[in-house]
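J.: Given chain A, put chain B with the ligands in place with the hints provided.
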Amino acid sequence: MTNNPIIEVKQLYKSFGNEPALNNLDFSVEKGEIFGFLGPSGAGKTTTIKILTGQLNQDSGSATVLGSNSQHFKENIYEHIGVVTHDSGLYENLLAYNNLVTFARIFNSDKKSIDPLLKRVGLYNDRNKLVKKFSQGMKQRLILARAILNRPEILFLDEPTNGIDPGTTKEIHKLIFELRDSGTTIFLTTHNMTEATKLCDRVALLNDGKIAEIGSPQDLSLKYNKKIQFKVLLKDNESLKLNDSEETRGKINWWLENGELQTIHSCEPTLEDVFLQVTGRKLK
Amino acid sequence: MNISLRKINAIFILKLQLFLGNLSLLMIPAMAIGYVVIFKNFFPANTVAFKALTLNMGILLNIIMGGIMFGAYPIAEEKEHHTLGVLMTSSINATEYFIGSLLPALLILTITNIILVPLNGTSWNQVSIINYLIITVICSIISILIGFTLGLFSKNQTNAGVVSLLPAAIFTLVPLFKGFSNKISHTSDFLYSGVIPRFINQSLFKHSYSWSLFEVSVLIAWFIIFSIVLFYAYRYKHFD
Ligand SMILES: Nc1ncnc2c1ncn2[C@@H]1O[C@H](COP(=O)(O)OP(=O)(O)OP(=O)(O)O)[C@@H](O)[C@H]1O
Ligand SMILES: [Mg+2]
Numbered sequence: 001m002t003n004n005p006i007i008e009v010k011q012l013y014k015s016f017g018n019e020p021a022l023n024n025l026d027f028s029v030e031k032g033e034i035f036g037f038l039g040p041s042g043a044g045k046t047t048t049i050k051i052l053t054g055q056l057n058q059d060s061g062s063a064t065v066l067g068s069n070s071q072h073f074k075e076n077i078y079e080h081i082g083v084v085t086h087d088s089g090l091y092e093n094l095l096a097y098n099n100l101v102t103f104a105r106i107f108n109s110d111k112k113s114i115d116p117l118l119k120r121v122g123l124y125n126d127r128n129k130l131v132k133k134f135s136q137g138m139k140q141r142l143i144l145a146r147a148i149l150n151r152p153e154i155l156f157l158d159e160p161t162n163g164i165d166p167g168t169t170k171e172i173h174k175l176i177f178e179l180r181d182s183g184t185t186i187f188l189t190t191h192n193m194t195e196a197t198k199l200c201d202r203v204a205l206l207n208d209g210k211i212a213e214i215g216s217p218q219d220l221s222l223k224y225n226k227k228i229q230f231k232v233l234l235k236d237n238e239s240l241k242l243n244d245s246e247e248t249r250g251k252i253n254w255w256l257e258n259g260e261l262q263t264i265h266s267c268e269p270t271l272e273d274v275f276l277q278v279t280g281r282k283l284k
Numbered sequence: 001m002n003i004s005l006r007k008i009n010a011i012f013i014l015k016l017q018l019f020l021g022n023l024s025l026l027m028i029p030a031m032a033i034g035y036v037v038i039f040k041n042f043f044p045a046n047t048v049a050f051k052a053l054t055l056n057m058g059i060l061l062n063i064i065m066g067g068i069m070f071g072a073y074p075i076a077e078e079k080e081h082h083t084l085g086v087l088m089t090s091s092i093n094a095t096e097y098f099i100g101s102l103l104p105a106l107l108i109l110t111i112t113n114i115i116l117v118p119l120n121g122t123s124w125n126q127v128s129i130i131n132y133l134i135i136t137v138i139c140s141i142i143s144i145l146i147g148f149t150l151g152l153f154s155k156n157q158t159n160a161g162v163v164s165l166l167p168a169a170i171f172t173l174v175p176l177f178k179g180f181s182n183k184i185s186h187t188s189d190f191l192y193s194g195v196i197p198r199f200i201n202q203s204l205f206k207h208s209y210s211w212s213l214f215e216v217s218v219l220i221a222w223f224i225i226f227s228i229v230l231f232y233a234y235r236y237k238h239f240d
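In the order they appear, the protein sequences are chains A and B. The first sequence begins at 1 in full-length UniProt numbering and counts up by one. The second sequence begins at 1 in full-length UniProt numbering and counts up by one.
This is chain A alone, in the form it adopts within the complex (with noise of 0.2 angstroms):
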C-alpha cells in the first residue's frame, strides 16, 4: 500500500451534549480499498459519514478527504465524491430516468451513461414508472445509481443493504466490487459482520465512538484465533470438535489415511467472535 491515504482522520472527536459520539478517531483509508466501519446501532457510524461528507462539523480533530479539510470543503469536490445515507431521498414525483437526467445535468456527465447505469442496478424496464410507485429495495438501487452516475473517486454508504432483501443485496454486493475493481474507494458502513467479511478490504471494529481493531477481517480472525480448533465429520456422520494438540494431528492424520474423513473446518473466529472478544460486547 501508498502511504497517500485518500481519507486521514485524526483525533476525531464529536459530542452531542456530554456523551461523546466519537472519541478521537484515529484511521487512513487508502485509494481504491473497500473500508468498512463495523458496529453496533449508536456506535457513531453514521456520524463518522457526516463529518467525513462534510455535512456535520466536529469538535476538534480534523478530517482530509481527497485532500481537503472536511470542514472546509469547496463544492467541487462533491464532483468526485458520491454519498448514500439513510436520508438520501429521490425526487419522488418525478420518472427515475428523470432523476438520474437531472444529477447528469448537474455533473454535465453524458446522458447516454444512464440507460446502462439504469440495467446495471436492474431498473431499466421501470425508468419511466414514478419513484413514488418504487419498492424501498427499488428505491435504495436508483440512490445508489445516482451515487455512482459522476464515476466518484470515493463512495461513501451507509448501512447501503440495511433493510434490502437478499437477492437485492447481492446485486449491490456485485456493484460494489466492480465498483472496486474500476479504481473506486469505498468507505461503508454496517452493522452485519457477514457482510464487512464478504466485502471489505478493511474494516475498523467501532465500538462507543472508539476504534477497537482495524485490520483485513482474515488478519483480524487470526490475530484472535487464540484457541485453535478443529472440527471434524467422520464417515459415521459423527462429529467431533478437537483443540489442536499433537494427538490432535495424530487422529486427524489416521483418519486422512483410512478414508474415515468426510469434511474438516478450521475455526478461527468471526468478526462477531472477534467483535466479542475486544468489546466484551455483541454486534447487535
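Hint data in this document are derived by calculation from the structure and do not stem from the laboratory. Only true hints are included.
Calculated pairs, BS3-like style, for lysine-lysine (alpha carbon to alpha carbon, straight line, at most 30 angstroms):
{"#": "1", "chain 1": "A", "residue 1": "K227", "chain 2": "A", "residue 2": "K282"}
{"#": "2", "chain 1": "B", "residue 1": "K155", "chain 2": "A", "residue 2": "K129"}
{"#": "3", "chain 1": "A", "residue 1": "K111", "chain 2": "A", "residue 2": "K133"}
{"#": "4", "chain 1": "A", "residue 1": "K10", "chain 2": "B", "residue 2": "K237"}
{"#": "5", "chain 1": "B", "residue 1": "K155", "chain 2": "A", "residue 2": "K74"}
{"#": "6", "chain 1": "B", "residue 1": "K40", "chain 2": "B", "residue 2": "K206"}
{"#": "7", "chain 1": "A", "residue 1": "K226", "chain 2": "A", "residue 2": "K282"}
{"#": "8", "chain 1": "A", "residue 1": "K132", "chain 2": "B", "residue 2": "K237"}
{"#": "9", "chain 1": "A", "residue 1": "K198", "chain 2": "A", "residue 2": "K210"}
{"#": "10", "chain 1": "A", "residue 1": "K132", "chain 2": "B", "residue 2": "K155"}
{"#": "11", "chain 1": "A", "residue 1": "K223", "chain 2": "A", "residue 2": "K10"}
{"#": "12", "chain 1": "A", "residue 1": "K132", "chain 2": "A", "residue 2": "K174"}
{"#": "13", "chain 1": "B", "residue 1": "K237", "chain 2": "A", "residue 2": "K139"}
{"#": "14", "chain 1": "A", "residue 1": "K74", "chain 2": "A", "residue 2": "K139"}
{"#": "15", "chain 1": "A", "residue 1": "K198", "chain 2": "A", "residue 2": "K119"}
{"#": "16", "chain 1": "A", "residue 1": "K198", "chain 2": "A", "residue 2": "K241"}
{"#": "17", "chain 1": "A", "residue 1": "K139", "chain 2": "B", "residue 2": "K155"}
{"#": "18", "chain 1": "A", "residue 1": "K133", "chain 2": "B", "residue 2": "K155"}
{"#": "19", "chain 1": "A", "residue 1": "K31", "chain 2": "A", "residue 2": "K174"}
{"#": "20", "chain 1": "A", "residue 1": "K170", "chain 2": "A", "residue 2": "K119"}
{"#": "21", "chain 1": "A", "residue 1": "K74", "chain 2": "B", "residue 2": "K237"}
{"#": "22", "chain 1": "A", "residue 1": "K10", "chain 2": "A", "residue 2": "K282"}
{"#": "23", "chain 1": "A", "residue 1": "K223", "chain 2": "A", "residue 2": "K198"}
Pulled a few chain B residues facing chain A out of the computed Cβ check, cut under 8 angstroms:
{"#": "24", "residue": "R6"}
{"#": "25", "residue": "N9"}
{"#": "26", "residue": "H82"}
We put the beta carbon where it would ideally sit given N, CA and C, even for glycine.
T.: Okay, now just chain B with the ligands, sitting in the frame of chain A:
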C-alpha cells in the same frame, strides 16, 4: 463562491418539471385567471372601478398567494423527501439552488400576469407594459423569497401550506381593502404588495403612473430584508 450556469439550469429544469406536475400549485395561477375571466364575462358592469378591482384581485392572488406557495412548497417537498441534502452533496451551492428554484416560479407567475391584463379587457395602452413587468416581477420575487423562508421552517408540504396562508392573506387583502379605512391604507403603503393596486388604479383612472421614491424604497427594503432573512434561515435550517 463559484456560480455555475449549468447547475442553475439543471435546477431550473428540475423545478419546472416538478411545478408542471403539481396541480395544487398550478391551481393558484389558474384561479387568478378563472377569477378575472368570470368577472369579465358574467358581471359585465363595465365601469373602470370594477375592472380595476378584478384586475388587482387577479394579480394579487397570482403574485402573493402564488408567489409564496411557489416558494414554500418546493422547499418543503425537498425537506419532506430529503433531497436538499442530496443536492448540496452533489456540488450545488445555495445560490445556484435558490436562483434555479426562483426562475421557473417567476416564469409561470409572469406569464400569468401578462395574460391577466387582456383577459380583464384592459388594453396595454392604458397600462405601461414596462412598468407592469418591473413591478410584478419585483413583487413576485419578494413573495417567492418569503415563500422560501417559510418553506425552510416547514416540516412538510401540508405544513408549508398552513404556515403560508396567513402571510399570503395579509399581503393580498390589506392592499385590496385599503379603501376601507385610513389605517388599512397607511399599512398598505408599507407593504410591497401595496404598490400593485396603486399602479393599476393610477394607470386605469389617471392614465398615467409615475414612480415615487417612497415606493421604490418600500420595494428595495422588502427585497433586502427577505434576502437577509432567507440567508440566515438557510444557514440554520437546511440540514435538519
Ligand atoms: N443529531 C443528533 N443529536 C443527538 N445525538 C445524536 C445525533 N446524531 C447522533 N447522535 C448520537 O450519537 C451516537 C452515534 O450515532 P450514530 O447515528 O452515528 O450511530 P450509528 O453507528 O450510525 O448507529 P446505527 O447503526 O443505529 O445507524 C448515538 O449515541 C446517537 O444517539
Ligand atoms: Mg447509522
